[in-house]
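Take these sequences, add in the hints, and give me the full structure.
Residue numbers (the numbering used here), protein chains in the order written: chain A, 1 to 277; chain P, 1001 to 1282; chain S, 2001 to 2285.
This list has only true hints and no planted wrong ones.
Simulated restraints on C-beta separations:
| hint | chain 1 | residue 1 | chain 2 | residue 2 | range |
| --- | --- | --- | --- | --- | --- |
| 1 | P | T1228 | A | L252 | 28 to 34 Å |
| 2 | S | G2276 | A | G169 | 50 to 56 Å |
| 3 | S | G2051 | P | Y1004 | 56 to 62 Å |
| 4 | S | T2109 | P | L1178 | 41 to 47 Å |
| 5 | A | Q253 | P | K1104 | 43 to 49 Å |
| 6 | S | P2045 | A | S90 | 16 to 22 Å |
| 7 | S | T2109 | A | N92 | 49 to 55 Å |
These are computed hints drawn from the structure, not numbers from a lab.
Fair warning: this is a prediction, and the values are worked out from it, not measured in the lab.
Here a beta-carbon is modelled for each residue, glycine too, at the ideal position from N, C-alpha and C.
Below, each chain spelled out in residue letters.
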Amino acid sequence: MKKAAVLILTLILAVLQAGCAARQDDRINVISREAGSGTRDAFTELTGIKKDGTDNTVMTSEITSSTFVVIKSVSVDKNAIGYASLGTLSDNVKALSIDGIKPTAENIKNRTYPLIRTFNIIDTGALSRQAEDFVQYIMSSQGAEIIEGQGYVPFAQGQEYHIKEDMEGRIVIAGSTSVAPLIDVIADEYKKIYPDVEIEIQQTGSGAGITSTIEGACDLGISSRELKEEERLKGARETTVALDGIVVIVNLQNTTDGLSTEEVRQIFTGKRKAWKS
Amino acid sequence: MKNYSERIMKFIFAMSAAASTVAVAIICIFLVYKGVPAIREIGLGDFLLGSTWKPTEGEFGIFPMIVGSIYVTAGAMVLGVPVGVLCAVFMARFCPRGLYKIFKPAVELLAGIPSIVYGFFGLMVIVPLMQNVIGGSGKSVLTASVLLAIMILPTVISVAESALRAVPESYYEGSLALGATHERSVFFTVIPAAKSGILAGVILGIGRAIGETMAVVMVAGNQAAVPTSLMSGVRTMTANIVLEMGYAGEGLHRNALIATAVVLFVFILIINLSFSMLKREG
Amino acid sequence: MKYKRQSRSRKPFSLLVRLIVTGSAAVTAIILVSMIGYILYHGIPNLTMKGLFDWRYTSQNVSMMPAIINTAIMTFLSLTLAVPIGVFAAIYLVEYAKRGNKFVKVIRTAAETLAAIPSIVYGLFGYILFVITLKWGYTLLSGAITLAVMILPLIMRTTEEALMSVPDSYREGSFGLGAGKLRTVFRIIIPPAMPGIAGGIILAIGRIVGESAALIFTAGTNPAVPDSLFASTRTLSVHMYALLTEGLYEEQAYATAVVLLVLVIGINSLSKHVAGRFTNVKRGG
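See below:
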């Protein structure tokens, strides 16, 4: 009994000590996404964190596979920095300007914001009738309207979509958790036109979506990054649907309003460790 | 005719009994078949003791994850076992009947809550709490240990309680007759007599803690680096699998995750073995 | 227990013991109350959100109704697969196998190992075997088989216990009257063991309802009621996981947590009820 008490007491002391040490600093707390996340791939490419195929994200960065955890963590931790898709941003975190340019739909449309990536649909060329038609719908002017309504920038304005006769069957879509909410909305509209079409969306991450498409486990893949060379070689091809900004986010209490791409790179590769430099 | 159906049914029963063995065999074969070549390709030393996990660049060292799993499990034990065992003592020997009727279902409820709900609660409540009290990001070995300690409580409590109840009443009465107080009798005769049962509960708790996934992944930070203090983030073996499982295409990365599962499985086997040895003794 | 009052003493040791024992119980109680309180407090106001219980899921209403139905379907299917095998296996172990049989030892060890495997390993196994190797894709069937294997040891163990608690005099009586083994098992032994078996099944339901790690990569995350065994489904726990992935649906996640809690409380009290009947039967026998 005594032993246990001593043990617990030491533990509490150790915790308090560590707590006091940690309280004083303003060490930057980096939050990143898991290997295989399209958002991470695009972010590291665009900022130069990934160089010559090597992802130099600092090993001490927190990793999560969920945007919810990124946003929630940043909203409660005044030293945290993370990144997320513009479409999933909420107002309990602060979006930073990059190189002096604010991440707005406007700045993405005129391509001045530096961290722009594409939302893509992946297929292998052999499409079912309904899947091909669904892609057509996404790329049409009606599709563009929905994309714009969701806060993303449509890649092409597209032509008007004409309703076809007896469209039915199942479309299985798998991939990026960033693209899924957008495709979900478009699918809802599409199903209003064709009640006999079933659309299944699997949120598994960009990499998994591309792999499943190549392996034939789904009809269409969705990806928030561009295809890699080896994926193209395996027969995958992409159709760009929309533009999205990756937003660097910090806590609302953070006094920083903007960073340069260089600073972002330094922070995420661990070269810069404190907010006050 | 009747003899026939007897025989057929006996055969069906035996086959059903064999099903679990077949299932274990299939899982083992599959893990070994996919995992062992990966370990061979990476090199056993580099795999188990390598401290860099960068699957996209072909570095597969799971040492940080092994250490991480051990740390959070140990932390959960340090925090959860004393509370759990003492709580079991309370329920078996100190609890008024009326309170017990509420307390017992409450502990059972704790056991039934899905781990995703635990993770959500951890992220929304325990992480900010840790941040306020201790500072840092709030996602750490300590946070994960606290959450896991809560999750193993019902396991430890219910096994320990039934072990305490299984101690013959004469032990307790004998101690009282020798002039010991109620408290002294419980602590120096009943608890020692229930030792192996309590230990069984602890081992079951270890098994649950080391295998937990969805809750830990939300509160641990998941840095693929060996934690340097109670305050640093940590990635467990289970978290490593769930984070990258969907992505890992055919090839070494996926097989390295299966190999991680092999290591986890070996841990589970060791825990199981010590459990059955304990049971044989008890 | 009647000695308790006399022995209550003011010695410091006794006081300390009382303090830490009651303290530990209080800690457990506080944790449970704060957790449930927190979820109910934040979740119940969100239960009234528009369309949360619509029959069809859309990106606007994020309805959890399909997930609730899917949970029922998934539970039914996994039980259909696991219960006969589990119960038959237990019958073999208790009624047919000779004590100390090697085969029995192997089965017991296998069942114990199965019970200890973490659910993420089941998920990984199901994903690679059913989804990738057999090319079924994310399907209801992949998920159900994975879960069935997972709950098999639980059903086996509880059924075994239930069968063993039936007194041998039942068996002897039945044989004495000239009944065969099969008849004895199904007519004489299973009926009094039924509540125990049912208790095990309810425990298994609890595990299925709470499972997420083993399902995400086997049954997938599609939020619609499946129209075949080869369609993807999302149970309520997976629904909650999916809501938390993109961070757009925090309120709905709270509401889902409330529904999950209610389900768990329901399952627990059902098992309590059944277990109560079981002990009555045992005493009666």
